[in-house]
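First to last, the sequence lines map onto chains A and B. For the first sequence, position 82 matches number 79 in the numbering used here, and the numbering has no gaps at all. For the second sequence, position 227 matches number 222 in the numbering used here, and the numbering has no gaps at all.
Each hint can be trusted.
Only some residues are given here: those of chain B computed to face chain A with a beta carbon under 10 Å:
id : residue
1  : 39
2  : 96
3  : 125
4  : 195
5  : 232
6  : 249
7  : 258
8  : 302
9  : 307
These are computed hints drawn from the structure, not numbers from a lab. Backbone N, C-alpha and C fix where the C-beta goes; we use that ideal spot for every residue, glycine too.
Here are the chains, one letter per residue:
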Amino acid sequence: MMRVASAAPARPGARLSPARRVKNLLMGALILLASALVVAPLILIFVYLLREGLGAMNLAFFTKTPAPEGEAGGGLLNAITGSLLMLAMASVIGVVIGVAGGIFLAEYPRHRLMPTIRMLSDVLAGIPAIVMGLVAYGLIVLHFGFSGLAGALALGFLMIPIVVRTTEEVLKLVPLSVREAGLALGLPQWLVILRIVLPAAAGGIVTGVMLALARVAGEAAPLLFTAFGNNNVNLDPTKPMSALPLEIYRGATSAYDENQRLAKAGALLLITLIFVTSLLARRASRRR
Amino acid sequence: MSEPARSSPVRSRPGAALSSRSDRTFQVLILALASVIGLVFVLSVYQLARESWPALQAFGWHFFTERTWNPVQERFGAVAMIVGTLVTSFAALAISVPLAVASALFVAEYAPRWLANPVGYLIELLAAVPSVVYGLWALFVIAPILGRWQTAYFLNPENVATLTRCNELWAQQQTSLQCFFVPSGAGGRGLALAIIILTVMILPYTASVARDVIRLVPQDQREAMYALGATKWEVISRAILPYARAGILGGVILALGRALGETLAVAMVIGDSQEILKSLWGGASTMASVIANQFGDAQAALHRSSVVTLGLTLFFVSVVVNFAARLIIARLTPKGIQ
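Model the full assembly from the supplied sequences, consistent with the hints where possible.
What follows is the structure, given as structure tokens:
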């Protein structure tokens, strides 16, 4: 990666005019400064949330639902359970469709529908989350009312393209000779895919799913008018459900100190979960 | 890896017909599941188009040229949101691109390995921070700073006089360059804060693509320049950046796609006003922010339909922009960029 370790010209500084040398140093300094500026917000946000949110992370935070407006105490149990439940439902959609899509793109590259599916998957990757919320609203909420299921559908749709892309890539990493060996043993192609190629690529696929989960776990926009939010713990997917990002949004825009405090603690919890998930996923993918 | 192969039902002479039939079944199954991707796309377009229909029928193309967005009078035009979306996105892009490219150069060319990896990691984590968390931080940390500065500005009577003059101009629906920079807003929320937070949010997209393409620049390019006695900056500006330019452009367009569709962080800080480019520090709105702020409250059918029309517009714009980005990245980088 660091192929050029030294900046040294063949004859360092021998005939370097002062103007060139100053410019070189100046640009180097600017690049260093700009990089510090890029990384700074992340550190500032994390430190801010640690300072403001850690104190609020007591037992009640994990075991209670939000207190009535303006009252002290309460927690985000409704949001934690809602997030977990919706993410679980969303991953069913994301994993089944996404992995199948990835298999199709990687294993049937000559199929005449392959370019279309690949293009549509890429297109899907670019659709803003809030628009996906509008779609899920029209598909489910309009007919059945606000529900956790509608929220999970929107999140699941958002997961699909990420899972497709990573699945396709790891399947392509499985050497052709492995497939040929399976076929030579007399296995039909579908068994080769299911029993040899998929297990070999399983680690990478799990990484992709984790990245997709980390990506949609923080989405509040598509949940605003699908899952809608719920002040009580709700485990029924056909009823309105809360989620961490939703509570952060409501709390941050609320006038009450107590809600703001819960929002900051919720943000700290969410960001920590997301960081841990994506770091684990990246570490796993690097070890391969 | 050989384990499942050995345990699987090995036929010494695979019945050709049998295996081809099961293969076909499997292929159909996989294709059926993969087709759901197409179904999602079709359903999305259908759903958005159907719900946009009343508004499009009522306003036609005027929806995109009309400046008024007034739920009370039931007159809806998207100019303010389109302008807001374009201004915030391109301004954020203009600020973030140099920073992102610089950070990519730092990671790929300057930093020693022990520093390059963690910095690269941190930049990728920046992309993992949820939109609402950026919004929360902007509201609680940056907005008060801007707010204090705005208050301080008006401690000077001369500045108050400027504002009075600008208020008259604005009342007549006029804008002037000087008034555009008068810190009129209250509490720090407004166009400027939206641009600041968008800048931070799209940085990692350009940065990671730029880093990847800079690493793809052949080593010979660098060595040839160094052999001629070039300084590091000369190598970067004349050998590396020109070579990586096209790939970086792909990353920039990818970031643009993100910026156009970014919702909650912007909705929380932009002030939700449907004025067109009144002041950099005043309230504004984007297509996404209006959807987030108004869809839930929209009672009237026409209001609701107009909001969905914004979603349809955003859908098409994002699809085109994202597609262009992927096309550029795919065409210009041999392989390895994901």
